[in-house]
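Asks: The chain contents come next:
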Amino acid sequence: MKKGYFGEFGGQFVPETLMQALTDTEQAYKKFKKNKKAQTEFARLLREFVGRPTPLYFAQRLSEKLSQEIYLKREDLAHTGAHKINNALGQALLAKFMGKKRIIAETGAGQHGVATAAAAAKLGLECVVYMGRVDIERQKPNVIRMKLLGAKVVPVLSGSQTLKDAINEAIRDWVANIKTTHYLLGSALGPHPYPSIVRDFQKVIGKEARAQILRVAGRLPDYLIACVGGGSNSLGLFYQFLSDAKVKMIGVEAGGLGIKSGKHAARFFGGRLGILHGTKSFLLQDEFGQILTTHSVSAGLDYPSVGPEHSFLRGLGRIKYSFVTDQQALEAFHNLSQLEGIIPALESAHAVAYVFQLAKKIPKNQLIIINLSGRGDKDLETVKELYE
Amino acid sequence: MPFLVAGDPNSKISFEIARKILPYADLLELGFPYSDPLADGPVIQAADARALSSGMNTDRGFEFIRRIREISQVPITVLVYANLVIQRGLDQFYKDAEKSGIDGILIPDLPFEEAKEFVAVAKKYQINQIFLVTHTTTKQRLSNILKYAQGYIYLVSVLGTTGVRNSFSADLRALIRRVKKSTELPVSVGFGVANKEQITDLVKFGADGVIMGSRLIKIIEQFHKSKNLPLRVQKFVRSMKINKVKL
Numbered sequence: 001m002k003k004g005y006f007g008e009f010g011g012q013f014v015p016e017t018l019m020q021a022l023t024d025t026e027q028a029y030k031k032f033k034k035n036k037k038a039q040t041e042f043a044r045l046l047r048e049f050v051g052r053p054t055p056l057y058f059a060q061r062l063s064e065k066l067s068q069e070i071y072l073k074r075e076d077l078a079h080t081g082a083h084k085i086n087n088a089l090g091q092a093l094l095a096k097f098m099g100k101k102r103i104i105a106e107t108g109a110g111q112h113g114v115a116t117a118a119a120a121a122k123l124g125l126e127c128v129v130y131m132g133r134v135d136i137e138r139q140k141p142n143v144i145r146m147k148l149l150g151a152k153v154v155p156v157l158s159g160s161q162t163l164k165d166a167i168n169e170a171i172r173d174w175v176a177n178i179k180t181t182h183y184l185l186g187s188a189l190g191p192h193p194y195p196s197i198v199r200d201f202q203k204v205i206g207k208e209a210r211a212q213i214l215r216v217a218g219r220l221p222d223y224l225i226a227c228v229g230g231g232s233n234s235l236g237l238f239y240q241f242l243s244d245a246k247v248k249m250i251g252v253e254a255g256g257l258g259i260k261s262g263k264h265a266a267r268f269f270g271g272r273l274g275i276l277h278g279t280k281s282f283l284l285q286d287e288f289g290q291i292l293t294t295h296s297v298s299a300g301l302d303y304p305s306v307g308p309e310h311s312f313l314r315g316l317g318r319i320k321y322s323f324v325t326d327q328q329a330l331e332a333f334h335n336l337s338q339l340e341g342i343i344p345a346l347e348s349a350h351a352v353a354y355v356f357q358l359a360k361k362i363p364k365n366q367l368i369i370i371n372l373s374g375r376g377d378k379d380l381e382t383v384k385e386l387y388e
Numbered sequence: 001m002p003f004l005v006a007g008d009p010n011s012k013i014s015f016e017i018a019r020k021i022l023p024y025a026d027l028l029e030l031g032f033p034y035s036d037p038l039a040d041g042p043v044i045q046a047a048d049a050r051a052l053s054s055g056m057n058t059d060r061g062f063e064f065i066r067r068i069r070e071i072s073q074v075p076i077t078v079l080v081y082a083n084l085v086i087q088r089g090l091d092q093f094y095k096d097a098e099k100s101g102i103d104g105i106l107i108p109d110l111p112f113e114e115a116k117e118f119v120a121v122a123k124k125y126q127i128n129q130i131f132l133v134t135h136t137t138t139k140q141r142l143s144n145i146l147k148y149a150q151g152y153i154y155l156v157s158v159l160g161t162t163g164v165r166n167s168f169s170a171d172l173r174a175l176i177r178r179v180k181k182s183t184e185l186p187v188s189v190g191f192g193v194a195n196k197e198q199i200t201d202l203v204k205f206g207a208d209g210v211i212m213g214s215r216l217i218k219i220i221e222q223f224h225k226s227k228n229l230p231l232r233v234q235k236f237v238r239s240m241k242i243n244k245v246k247l
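One line per chain: the protein sequences are A and B, in this order. If you read the first sequence in this note's numbering, its first letter stands for residue 1, the second for the next number, and so on. If you read the second sequence in this note's numbering, its first letter stands for residue 1, the second for the next number, and so on.
Hints were generated in silico from the structure; no laboratory data involved. C-beta: ideal position from N, C-alpha, C; glycine also. Honestly, I wouldn't trust all of these hints.
Covered stretches of chain B (chain A as the covering partner; in silico rule of three or more C-beta atoms under 8 angstroms from a C-beta of chain A) [stated by the list, open to error]:
| no. | segment |
| --- | --- |
| 1 | 51 to 65 |
| 2 | 106 to 117 |
| 3 | 162 to 170 |
| 4 | 187 to 196 |
All chains should be built: construct the whole structure from the sequences, respecting the hints.
Replies: Here it is, written out as structure tokens:
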């Protein structure tokens, strides 16, 4: 397979200015992985700063309601409230290892921005986060948190003012500041080596979950379910189980206002092969290749492309994909809060919503793990009609 | 070498501008507007948005060039992002480029690592595949780029996106020299060029051509509602022409 590719997906489609930096990052990452001192420190911080391992929690009332055996992998309990911290910490340590003094990041829901700001504060690095103005409005608590953690938040006013535009601005900044700056990309997308690095830093989720489920249930799960925006939390859970052939994996995309409405972010239900942000993957685009504006109630899933490794694993049939609508995600948000006392992020609520649908189609008492990728404090403003 | 976004602010006026500046251009660089131009700064981003909202697309882009060819033989390089090329189909895009009379294609998000098939198709249709060289291009990278590069080298003057700059770094002179030592191809310098002094300096540094984009497009941005916009742009381009500098 060609370097940087997952089958026909992946690659490095970025301006010449960035190419040497991508090579440097890849070489540094290889050294970082082998460096005992760096890895020991990383492991310590995953325990003491992030709070790993996260629990695998048996959702008793949800299980009873759906006649299934459902566990939640509690990434919502990781420091800063989502799985994003696993990658942010890893890459921040990598940036320091490379001698970079400044990190930049893009953010959609704000969780990656917050995680990056926290890691930067811990390591004493300068931090700038790009966020679409539309996202700033709908994820205000996270904007405040980023600023409290010492990051500069730059509103992005171009394009649709959401995640894809924030990535454009972050890339432009990186092009201009390549010598001092590491671009801390938040999901399993972008040019090689990012999809691999991000997946590597997230696979701790599945590594823990596999050991935990064997311990508590005595067998491997029947189903793994996760929401898919860029693809990092899902790959993080799924990766360790890829060669466990009987474990079925389903990625849940943002169905927005429904596929027919055209207002969604379900790449595998209307997209096709294209290049965005440095990588070849499935992409929502018009007939000429102009990128479409997507919609989802959840900012973190509101993105027109998907990580290349997902496109590849889907092509192999290893991971299946589905979608739920905004409405279904909001219902699941409400249901999980009242059934288990856990308020999920709207992104993660998509995975929960899907399990409600799946439960009716499969035999009873299947062993299911849902990746609860984040908590929903950031979404209270969006869901207020649910409680007012 | 002026750069314009095809269809900015609309097809009719854009064509008028092109028509008026062609007599003063050694080469015309034409951008196909894109929804996500990550190599471009705010001026060209806005130009792309204007062109797209007035209906420019790939079909019309080729049509635009065919019309230019009816009135001028000035060499044309199209600047187009990779996704627009692959959606049409690699072979089809270059075939259409040849048919409309395009001489060169520059894909800003296509590094040499990903260019093998593109270069093969370019050769098939006798289109020059233009490559970027920047301050971060190492000796090794330059030698790889030169294996594929045709037409001219587009040397990016600054670390950053397109957009007017006040000055260029001292490294630029050294970069121009390094590239010229390694290739027979002409070297054209672009990004950030704002005035005649800079053009003169760049030619003194060894540039065979100087590309000016954002500075021109800013005029379009400022005066796009004005009736004499094409004339204004023409006046400006004309004032930028320098006589060959004797070294």
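Asks: Could you run down the list of hints and mark each one as holding or not?
Replies: These are the hints, each one checked on the structure:
1. Remark: the segment 51 to 65 of chain B is confirmed as covered by chain A, as 4 of its residues place a Cβ nearer than 8 angstroms to a Cβ of that chain, reaching the required three.
2. Judged by the Cβ-Cβ criterion of 8 angstroms, the segment 106 to 117 of chain B is covered by chain A as claimed, because 6 of its residues qualify and three suffice.
3. Counting residues of the segment 162 to 170 of chain B whose beta-carbon sits less than 8 angstroms from any beta-carbon of chain A gives 0, not enough to reach three: the coverage restraint is violated.
4. Counting residues of the segment 187 to 196 of chain B whose beta-carbon sits less than 8 angstroms from any beta-carbon of chain A gives 0, not enough to reach three: the coverage restraint is violated.
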